[in-house]
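J.: Here is how the chains run, residue by residue.
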Amino acid sequence: MNRLSILLTGTLLAVITSLSSCEELMVAKPTGSSPETNFRLMWEKYDTHYGLFAVKNIDWNSVYTAHLPMAQAARTDKELFSVLSSMLHTLNDKHVNIYTTSAELTDYNSGTNGHQPAQEDFLFDVVRDNYLKDYQEITPHFGYGKLSPDLGYIHISAFKDDLSVFKEGMDKAINSLASTKGIVFDIRDHSGGSDHVSKYIAGRFAESKKLFMTSKKRNGPGHNDFDDLQTWYVEKEGKSQYTKPVILLTSPHTISAGETFTLAMRENDKVIQIGNTTAGAFSDTVPFELLNGWIYTVSVGDYRGSDGKSYEGLGIAPDIYSINKKSDLLQGIDKTLEQAINLLK
Amino acid sequence: MKTKINWNSGTGKGTAQNSLLRPASGSLRWCFLILYTVTCLAFTHQTQGQQRTLLPASKHQFKVGVGVDYLKTVDLQCSPNLYQFLRKNLQLGYTNQLKKGIFLTNVALYYGTLTPTATSADKVYAKEKDIYGHEAIESLELATTQLGGNLEIGYLRGLTRPATSRAVFYAGGSVEENLTFSAGILSIGTINYVSLNAKARVDYRLGNGRPLRFGLSFPALSVVTRLPYHNAPAIPGKSDMETFFTGNNTLETARHFQNAHLSVTYNWLVRKRVSFDITCQSYWMHYYKPAHLTQAGSQLSLGLTF
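Protein sequences, first through last, are from chains C and F.
Quick note on this note's numbering: the first sequence kicks off at 1 and runs consecutively.
Quick note on this note's numbering: the second sequence kicks off at 1001 and runs consecutively.
Chain C extracted, bound-state conformation:
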């Protein structure tokens, strides 16, 4: 067999072998999903990616030292879950979660030290059924209507659709509500989404350009390794702007992009925030996986208001506090909304 034949036969064998077995060999299958290994992995990922150690004044090394013995002693998923939850509890961050592959353990949220509690100060069904004369649903998370002939209402519970959906939807909403003398903008159950949408929708109410937020994200393993500071401005957006008074309704369930939207709206002199303090979780959050398949999320950024202050873990306090009682809501009464209506009359 000549040299060419040997080479071609070898190539043929290499290709055929790859078809059967060796992909795993060539990417090196990971092994050893012990509780201690998973603990170290998670600790390391936060150490190299979490953006709020300085803001929250957290000594992450001491958290490691305190939890390592427990991780080494852990033998079951439940024990591991307990150790990891305890470690993340020190961050007090509503953007930090563990999602397990167990329907029994389910999930953990750091900011609530457990599961997200039920929302008992707002129920959109109450607003739709008892206060709105007309409601146009653009998406299940976005709609508008009228509370009276001269009072408008917009409800958005997430900024998770594409920006184009909101552009089109806001055109319709503002056209429809142009003749009103004020709008109640309700984000009390806002679960977050894109900051681009926050910026755009706030721009539909803006009369001038103003800084509303800065952000920077981790770009290296050191706790102070951040990329360049980004500045976020709210400015006129879309075909027309609604420049009459707006009441923005918030609650502790207003989180993430709902809060960056609140920051942007608060730069507008015609906006009054009523309700309760927002959740206090602003940063982009990124999912990662452990060796055992559990997913956990890491807040990778440091977001601040135009005043340079971080509201992480604090939330944005309203201009006027108004907190609904669960018993009122269950009877179809939304006193916070009624207060907003009275202010706009």
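Rather than coming from a laboratory, the hints here were simulated on the basis of the structure.
As the structure is a prediction and not an experimental result, all values here were calculated from the model.
Some hints could be false.
Said to hold, decoys possible - Under the rule of at most 25 Å between Cα atoms (straight-line distance), these lysine-lysine pairs were calculated in the DSS-like manner:
no. : chain 1 : residue 1 : chain 2 : residue 2
1   : F       : Lys1129   : C       : Lys326
2   : C       : Lys146    : C       : Lys209
3   : F       : Lys1123   : C       : Lys45
4   : F       : Lys1238   : C       : Lys209
Following the hints, complete the assembly by docking chain F onto the known chain C.
T.: Only chain F this time, still in chain C's reference frame:
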């Protein structure tokens, strides 16, 4: 004293799990370089006195093909776990037989589902409660849909003169654009690259007179785009897609971005101007920034050339 896990170095204090989790990039990537070098050397020794016998009869050739890829991947930017991927692809090709070589264009579109191999579980769970006290457990699939496309334009120059030899040799290069995007809870394997590839091909005539075509491709210079270190490419004034394509491009040599393809094709005429071919291809890709991404896979595809 804590012990950090160091993904990028075997010299850290991470010990056992550290070395186990690192992708097999240390030695295997050099196998392809060595194989490539050997092939090129073999070509230069074999060129003299050989003649081209297996060139296509038609100057312009079009190809339509379908295939299935099976690959395994570890993307340490998102997960330390091994994922497997079965994806279908559609291939379109055009070949122009020139006087001294072959101009080729190939387009491929592919999609499929990435599934984890580390755990038998396929979902993660979260518990929610509503105002009425009703508790609900929601679940989210771990499987990730991945889709992408590949465009390659290249030229192969014939290295042998027409004769009755069994082998015809080609060498040349191509420009390749590839985008792979994962749309799931984890962005595993998301990458874009534009590469300048070295290519080689041998058409070898078997005893029955039918050709067996061997191909090899390896990028010499590439512009590679991955998600940024923090995995969250949102900046004001730019869409996430725009940020991805404009903010994280890195020019790389073969030292840091490897993407080797080996293929064998067998074809035969089914009609006067139509041939049917079956191709087996194996490939291996590795990139290191911001964390190691390694993929190894194989593809079986069937095509019609006319």
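J.: Now, for every hint given, state plainly whether the structure supports it.
T.: Checked hints:
| no. | hint | verdict |
| --- | --- | --- |
| 1 | Lys1129/F / Lys326/C | 14 Å, holds |
| 2 | Lys146/C / Lys209/C | 29 Å, violated |
| 3 | Lys1123/F / Lys45/C | 22 Å, holds |
| 4 | Lys1238/F / Lys209/C | 17 Å, holds |
Hint check: a violation occurs at hint 2 only; the rest are consistent with the structure.
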